[in-house]
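Once you have looked at the hints, place chain B on chain A.
Below, each chain spelled out in residue letters.
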Amino acid sequence: AQKITQTQPGMFVQEKEAVTLDCTYDTSDQSYGLFWYKQPSSGEMIFLIYQGSYDEQNATEGRYSLNFQKARKSANLVISASQLGDSAMYFCAMREPISSNTGKLIFGQGTTLQVKP
Amino acid sequence: DVKVTQSSRYLVKRTGEKVFLECVQDMDHENMFWYRQDPGLGLRLIYFSYDVKMKEKGDIPEGYSVSREKKERFSLILESASTNQTSMYLCASSPPGGFFNQPQHFGDGTRLSIL
Chain A
1 AQKITQTQPG MFVQEKEAVT LDCTYDTSDQ SYGLFWYKQP SSGEMIFLIY QGSYDEQNAT
61 EGRYSLNFQK ARKSANLVIS ASQLGDSAMY FCAMREPISS NTGKLIFGQG TTLQVKP
Chain B
1 DVKVTQSSRY LVKRTGEKVF LECVQDMDHE NMFWYRQDPG LGLRLIYFSY DVKMKEKGDI
61 PEGYSVSREK KERFSLILES ASTNQTSMYL CASSPPGGFF NQPQHFGDGT RLSIL
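First to last, the sequence lines map onto chains A and B. Sequential numbering of the first sequence, starting at 1, is according to our numbering. Sequential numbering of the second sequence, starting at 1, is according to our numbering.
Read the hints as simulated data drawn from the structure, not as lab findings. There could be a bad hint or two in this list.
[Said to hold, decoys possible] Dumping the calculated DSS-like pairs for lysine-lysine here, alpha-carbon to alpha-carbon at most 30 Å:
#1 A:K73 / B:K71
#2 A:K16 / A:K70
#3 B:K18 / B:K55
#4 B:K18 / A:K3
#5 A:K3 / B:K3
#6 B:K71 / B:K18
#7 A:K3 / B:K55
#8 A:K70 / A:K3
Chain A with its partners taken away, still in its complex shape (with noise of 0.2 Å):
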């Protein structure tokens, strides 16, 4: 079965820094996808970035990259440059195979992000 893990439950980051959040995930499957969502105290999530896996290139959206490691298992986002505004709630997420059809996503436990001034 799929699973993905976060394991940093709460991190602080200096403001203007940049800030790594882990993200592992278990697959058997070689078709696959994995999301990242930022969840602001408002509650509303917001899609950040997306890595397909026979994507060659490592995904970027601005400030967010994504370091993707197939052989690990690992798609850990990266934020440079911190903001008081990334301070948030982020959720790695995986897409069930494409042979299901469904667009089902599962996603990990979460990590509290804080940006000090």
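Chain B only, in chain A's frame:
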């Protein structure tokens, strides 16, 4: 811009009541999902629907049911609310599973308290 709207941000109900949580999306998405979020557990899938009148159980369907009479609307029903159903409920929608890199779009969530 994509929009998923949940009917209430905060809701307080009593034990034993029948509770309806409504979700509407304006993106013509086939797939819709209901999740429950609890501290330390992440998001857990309750039910999902891949077409009108079609539904499938997720990981924690006990105590819940769903209804999807129209493509844009997906309702979560707590048949007889209990205190252990106090939680944050999130609705999401997405294109069909074949659009592999398309994210799910979420509503703002409903914080439900059962007293």
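Comparing the hints with the structure gives:
1. A:K73 / B:K71: 36 Å, violated
2. A:K16 / A:K70: 29 Å, holds
3. B:K18 / B:K55: Since the Cα atoms of K18 of chain B and K55 of chain B sit roughly 20 Å apart, the hinted pair holds (cutoff 30 Å).
4. B:K18 / A:K3: 33 Å, violated
5. A:K3 / B:K3: 29 Å, holds
6. B:K71 / B:K18: Between K71 of chain B and K18 of chain B the Cα gap is close to 23 Å, so the pair holds against 30 Å.
7. A:K3 / B:K55: Answer holds: K3 of chain A to K55 of chain B is near 23 Å, not above 30 Å.
8. A:K70 / A:K3: 15 Å, holds
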